[in-house]
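Protein chains: 2
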Amino acid sequence: MFRKDLIKPDGRRLHLYSRKPISDGIIATNPPHDPVKPNPHMRWHPLRGEWVIYASHRQDRTFLPPKEYSPLAVTKSMDFPTELPAGDYEMAVFENLFPALSLGAEGMVQSSVETQAGVGVCEVVVFTQDPDASLGALSVEEVKLVLQVLADRTKEIGANPQVKYVLPFENRGVEVGVTLHHPHGQIYSYPFVPPVPAKMLEMQLKHFEKNGRTLLQDFTATEVNDGRRIIANEKTAKAYLPACARYAYETWVVPDRPVAWLYDLNEDELMDLAKTLKTVLMKFDKMWDRPFPYLLTLFQAPTDGAAHPAAHAHFQIFPAYRTQGKLKYLAGTELGGGIFVNDSYPEVKAAELQAVEVKF
Amino acid sequence: MFRKDLIKPDGRRLHLYSRKPISDGIIATNPPHDPVKPNPHMRWHPLRGEWVIYASHRQDRTFLPPKEYSPLAVTKSMDFPTELPAGDYEMAVFENLFPALSLGAEGMVQSSVETQAGVGVCEVVVFTQDPDASLGALSVEEVKLVLQVLADRTKEIGANPQVKYVLPFENRGVEVGVTLHHPHGQIYSYPFVPPVPAKMLEMQLKHFEKNGRTLLQDFTATEVNDGRRIIANEKTAKAYLPACARYAYETWVVPDRPVAWLYDLNEDELMDLAKTLKTVLMKFDKMWDRPFPYLLTLFQAPTDGAAHPAAHAHFQIFPAYRTQGKLKYLAGTELGGGIFVNDSYPEVKAAELQAVEVKF
Chain A
164 MFRKDLIKPD
174 GRRLHLYSRK
184 PISDGIIATN
194 PPHDPVKPNP
204 HMRWHPLRGE
214 WVIYASHRQD
224 RTFLPPKEYS
234 PLAVTKSMDF
244 PTELPAGDYE
254 MAVFENLFPA
264 LSLGAEGMVQ
274 SSVETQAGVG
284 VCEVVVFTQD
294 PDASLGALSV
304 EEVKLVLQVL
314 ADRTKEIGAN
324 PQVKYVLPFE
334 NRGVEVGVTL
344 HHPHGQIYSY
354 PFVPPVPAKM
364 LEMQLKHFEK
374 NGRTLLQDFT
384 ATEVNDGRRI
394 IANEKTAKAY
404 LPACARYAYE
414 TWVVPDRPVA
424 WLYDLNEDEL
434 MDLAKTLKTV
444 LMKFDKMWDR
454 PFPYLLTLFQ
464 APTDGAAHPA
474 AHAHFQIFPA
484 YRTQGKLKYL
494 AGTELGGGIF
504 VNDSYPEVKA
514 AELQAVEVKF
Chain B
164 MFRKDLIKPD
174 GRRLHLYSRK
184 PISDGIIATN
194 PPHDPVKPNP
204 HMRWHPLRGE
214 WVIYASHRQD
224 RTFLPPKEYS
234 PLAVTKSMDF
244 PTELPAGDYE
254 MAVFENLFPA
264 LSLGAEGMVQ
274 SSVETQAGVG
284 VCEVVVFTQD
294 PDASLGALSV
304 EEVKLVLQVL
314 ADRTKEIGAN
324 PQVKYVLPFE
334 NRGVEVGVTL
344 HHPHGQIYSY
354 PFVPPVPAKM
364 LEMQLKHFEK
374 NGRTLLQDFT
384 ATEVNDGRRI
394 IANEKTAKAY
404 LPACARYAYE
414 TWVVPDRPVA
424 WLYDLNEDEL
434 MDLAKTLKTV
444 LMKFDKMWDR
454 PFPYLLTLFQ
464 APTDGAAHPA
474 AHAHFQIFPA
484 YRTQGKLKYL
494 AGTELGGGIF
504 VNDSYPEVKA
514 AELQAVEVKF
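These protein sequences, in sequence, are chains A and B.
Per this note's numbering, residue 164 is the first one in the first sequence, and the count goes up by one each step.
Per this note's numbering, residue 164 is the first one in the second sequence, and the count goes up by one each step.
In short, the hints are calculated from the structure, not lab data.
The reader is advised that the hints may include incorrect statements.
Said to hold, decoys possible - Computed list of lysine to aspartate or glutamate pairs in DMTMM-like fashion (alpha-carbon distance at most 20 Å, straight line):
| id | chain 1 | residue 1 | chain 2 | residue 2 |
| --- | --- | --- | --- | --- |
| 1 | A | K373 | B | E277 |
| 2 | A | K369 | B | E277 |
| 3 | B | K362 | A | E497 |
| 4 | B | K369 | A | E338 |
| 5 | A | K362 | B | E365 |
| 6 | B | K373 | A | E277 |
| 7 | A | K362 | B | E277 |
| 8 | B | K362 | A | E365 |
| 9 | A | K362 | B | E497 |
| 10 | B | K489 | A | E365 |
| 11 | B | K362 | A | E277 |
As the list claims (entries may be wrong) - Derived list of chain B stretches under chain A, where covered just means 3 residues or more per stretch with a C-beta under 8 Å from a C-beta of chain A:
| id | region |
| --- | --- |
| 12 | 173-184 |
| 13 | 268-276 |
| 14 | 287-301 |
| 15 | 326-340 |
| 16 | 498-508 |
Claimed, not checked - On the chain B side, residues computed to face chain A include the following (Cβ under 7 Å):
| id | residue |
| --- | --- |
| 17 | I216 |
| 18 | Y217 |
| 19 | A263 |
| 20 | P357 |
| 21 | M363 |
| 22 | Y492 |
| 23 | Q517 |
Note that CB positions come from ideal geometry on N, CA and C, so glycine has one too.
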């Protein structure tokens, strides 16, 4: 993997990635914009025991621009610069112009609840220069590069002592609120471990201390043994609908080896993980012959300097539809209670996906 | 409040409520339907440490029927019976034909994760016979009746030793997935305390043990003192956007007196609470001159037989829009991390609502 670091005219960092050496002379660009001075702060929600991020500058963010004005398109003319310069790179990562959290946040806010500066890094990860591609449509080598880039970003962002957790994700489809269609993901990083990964870490730690293996090692072994919900089965990585799926088509993509962070996988393991992920995403899109909207999240261990032998890095994918044409809405029981109702069995949904044949 | 209990032809319970005596001779009805044998089960999600409910019979539930076939319309002819009989009642509550949880659940399910029968009660609460009304458009006396009905249902459902938590809520608007337009809410009840109320109870208990007052007593006093986010201020009840709002227009409606369950409020307090709730809902609808979609949840104490002096019953309302025409989508940080990003300040949004004048 080759990487080139540049600085945009407006001061934001840009990282170009490729499987081949990247030419010198690429000039970083950004779209013209009014000055953005992100100064997010956080307020403590005493009833839920969690932080809420306030980022009012995000109101002005780009909202479903027509394709000809996509800020993620490659710059064709310096008269109309975008976030992506022209050049022979494959992927680009840059600091979000409208970050929810910012290393420069000062957070001097008076409030009746406890407040803190909204310190963190938010990056945009552009998967390809092709605006009509998608993560699942990339070649398996390109998907592997995506994994390597996410690993590299986690390592670099997580090395900042202010950052305790790095969360890469992809929101795909207008159904889940995507505002830019060019294939891309995002990385949020937080000055604390957010509640969802914190809870999962707690559960994993209990399991590890009791059994000496990670929870996902045992869970995956059980899924492989059962077989009914397996979607992809590579030598060192598996994909399956978990027996406890909350979303109808919820799928987990899990490397066999329990590494805390993606960057601890070797080349062969990354390739297997790329194959399983690509298999899942291709099946999603082929099943109804249309782009399948989802939220994809990469869960890794905190970047707090500690070792986390109980944490097992993996992807969880939450598709938006519960059946063709019917979205899953989160309502009273999910948002009010925190309990999901799934009106289908993962065994049945897995069979639907198993029946979809994909080749690459 | 007057109440009449009936049994539908298909065996489900129907409770009619009114401020005046209800005539004898009302015949309970239900729409014709294939036999429904709800047998939901729950599976343990070991990674998140929570239950997931599986209710596959819910796939067949009514989905946005044309208005002339609404199952919540009042029965006009016994040739076309609906869920609501004709009669001189004001509100009706009945067992959901497609319940997510059922007292009859047997739950004999083999799975690689721990399972349990999906035991509980799910009811539909029809606020009015008028299909074109809304909760906020009801008279304040009718809103008070709604509160009394929710209190009565909580007491009755919660008296079942299998039920540990009763969660009344209203999903309003197609934006939040509403499948029937007739004004109604729902009640879910669970054989355990769900994660969100459990966490809030934990936080409230810590506060109560330290301060001798409920968290919401102190929080509300601070909001009243600050004043910037107050939406309604009655003698014994308040409504405000909390300083830590996660949703742009998130509003809490809180009785001053810290009762654990709504049924512990007296008549005057219920009337004040009805006034604050109605004020909020009327402002929502008038602000953009259109029905304002939201999720409204009533949080009370568990119904586990214990006293809960730290629990302070109140409503939380989560509106779907973050600004006019722009929905708030829950995506990577909210669903993956459990951390909300609010791109507006509750002080600003409260000022918008304060500027809307309503009278009743």
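| query | What hint numbers does the structure not satisfy? | reply | The structure breaks hints 4, 10, 12, 14 and 23; every other hint is satisfied.
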